[in-house]
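Going down the list, the sequences are from chains A and B. Counted the way my numbering counts, the first sequence spans residues 1 to 115. Counted the way my numbering counts, the second sequence spans residues 1 to 109.
Keep in mind the hints are simulated off the structure, nothing from the lab. Treat the hints with care, as some may be off.
Unchecked claim - Quick list of in silico lysine-lysine cross-link-like pairs, DSSO-like style, CA-CA up to 27 Å:
| id | chain 1 | residue 1 | chain 2 | residue 2 |
| --- | --- | --- | --- | --- |
| 1 | B | Lys104 | B | Lys70 |
| 2 | A | Lys44 | A | Lys71 |
| 3 | B | Lys101 | B | Lys57 |
| 4 | A | Lys44 | A | Lys62 |
| 5 | B | Lys70 | A | Lys44 |
| 6 | A | Lys62 | B | Lys101 |
| 7 | B | Lys56 | B | Lys101 |
| 8 | B | Lys108 | B | Lys57 |
| 9 | B | Lys101 | A | Lys44 |
| 10 | B | Lys59 | B | Lys108 |
| 11 | A | Lys44 | B | Lys104 |
| 12 | B | Lys59 | B | Lys70 |
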Amino acid sequence: NAGVMQNPRHLVRRRGQEARLRCSPMKGHSHVYWYRQLPEEGLKFMVYLQKENIIDESGMPKERFSAEFPKEGPSILRIQQVVRGDSAAYFCASSPLAGGLDTQYFGPGTRLTVL
Amino acid sequence: TQLLEQSPQFLSIQEGENLTVYCNSSSVFSSLQWYRQEPGEGPVLLVTVVTGGEVKKLKRLTFQFGDARKDSSLHITAAQPGDTGLYLCAGGSQGNLIFGKGTKLSVKP
Numbered sequence: 001n002a003g004v005m006q007n008p009r010h011l012v013r014r015r016g017q018e019a020r021l022r023c024s025p026m027k028g029h030s031h032v033y034w035y036r037q038l039p040e041e042g043l044k045f046m047v048y049l050q051k052e053n054i055i056d057e058s059g060m061p062k063e064r065f066s067a068e069f070p071k072e073g074p075s076i077l078r079i080q081q082v083v084r085g086d087s088a089a090y091f092c093a094s095s096p097l098a099g100g101l102d103t104q105y106f107g108p109g110t111r112l113t114v115l
Numbered sequence: 001t002q003l004l005e006q007s008p009q010f011l012s013i014q015e016g017e018n019l020t021v022y023c024n025s026s027s028v029f030s031s032l033q034w035y036r037q038e039p040g041e042g043p044v045l046l047v048t049v050v051t052g053g054e055v056k057k058l059k060r061l062t063f064q065f066g067d068a069r070k071d072s073s074l075h076i077t078a079a080q081p082g083d084t085g086l087y088l089c090a091g092g093s094q095g096n097l098i099f100g101k102g103t104k105l106s107v108k109p
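Pulled out of the complex, with its shape left as it was, chain A reads as follows (with noise of 0.2 Å):
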């Protein structure tokens, strides 16, 4: 049973372009959440999506950010114009519960480098 698995691993971009992550979540796991960790701090939450619905975005930057998770494929995260700050390693977690014991299995992640 496969985990969740995110691509691509390593992403690197000048300012101004834009950033797409990819997460496939778990075999059975209807339920995403994207984090975010900058050097030397803790996992930050972005959003939490099910299939075709964000559920809470509170975590995400008010511009330049979105995600999705399309009825079919993976869930994607899309950084657009890019910035240094943005440069961090970006977690996807699956779980196959709403909210309930918020047992969330991780990705090995997407680290970002803005150049």
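Start from chain A and add chain B according to the hints.
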């Protein structure tokens, strides 16, 4: 605002020693999770504790949830170099997990 504070921030010990790391909050959590993260990888779930006073064991690791569900501890017996990593506690509800900053453990052979 719910916060989780972990201590110590760093811990360096010799193989075979015992250790305890702590996760504290002024808020009540319905559950707490412990994860271990290695460099360049995502957090790996170790355990979820749900009931106040609960104790769970995972081989040489013992996890305890405080009676008031505001704190938790992780005790490792006879630490091994393979235990080296960043230990994170997390809690929350409705999908929005709050993480502590972690305890970075180094076990020297």
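Tested hints:
Among the hinted pairs, B:Lys104 with B:Lys70 is consistent with the structure: their alpha-carbon atoms are about 22 Å apart, no more than 27 Å. Only pairs whose Cα atoms come within 27 Å are accepted, and A:Lys44 paired with A:Lys71 is accepted, the gap being roughly 26 Å. With a C-alpha separation of about 23 Å, the suggested pairing of B:Lys101 with B:Lys57 holds against the 27 Å cut-off. Proximity of A:Lys44 to A:Lys62 is assessed by CA-CA distance (about 15 Å); at most 27 Å being required, the pair is judged to hold.
With a CA separation close to 20 Å, the supplied pair B:Lys70 and A:Lys44 stays within the 27 Å bound. For the suggested pair A:Lys62 and B:Lys101, the alpha carbons sit about 24 Å apart, so the restraint of at most 27 Å is met. As the CA atoms of B:Lys56 and B:Lys101 are separated by approximately 22 Å, the hinted pair is consistent with the 27 Å bound. The suggested pairing of B:Lys108 with B:Lys57 holds, with an alpha-carbon distance near 23 Å, which does not exceed 27 Å.
A hinted pair counts as satisfied when its Cα atoms are at most 27 Å apart, and B:Lys101 with A:Lys44 qualifies at roughly 10 Å. Restraint check: the Cα-Cα separation between B:Lys59 and B:Lys108 comes to about 20 Å, which is no more than 27 Å; the hinted pair holds. A hinted pair counts as satisfied when its Cα atoms are at most 27 Å apart, and A:Lys44 with B:Lys104 qualifies at roughly 18 Å. With a C-alpha separation of about 25 Å, the suggested pair B:Lys59 and B:Lys70 falls inside the 27 Å cut-off, and the hint holds.
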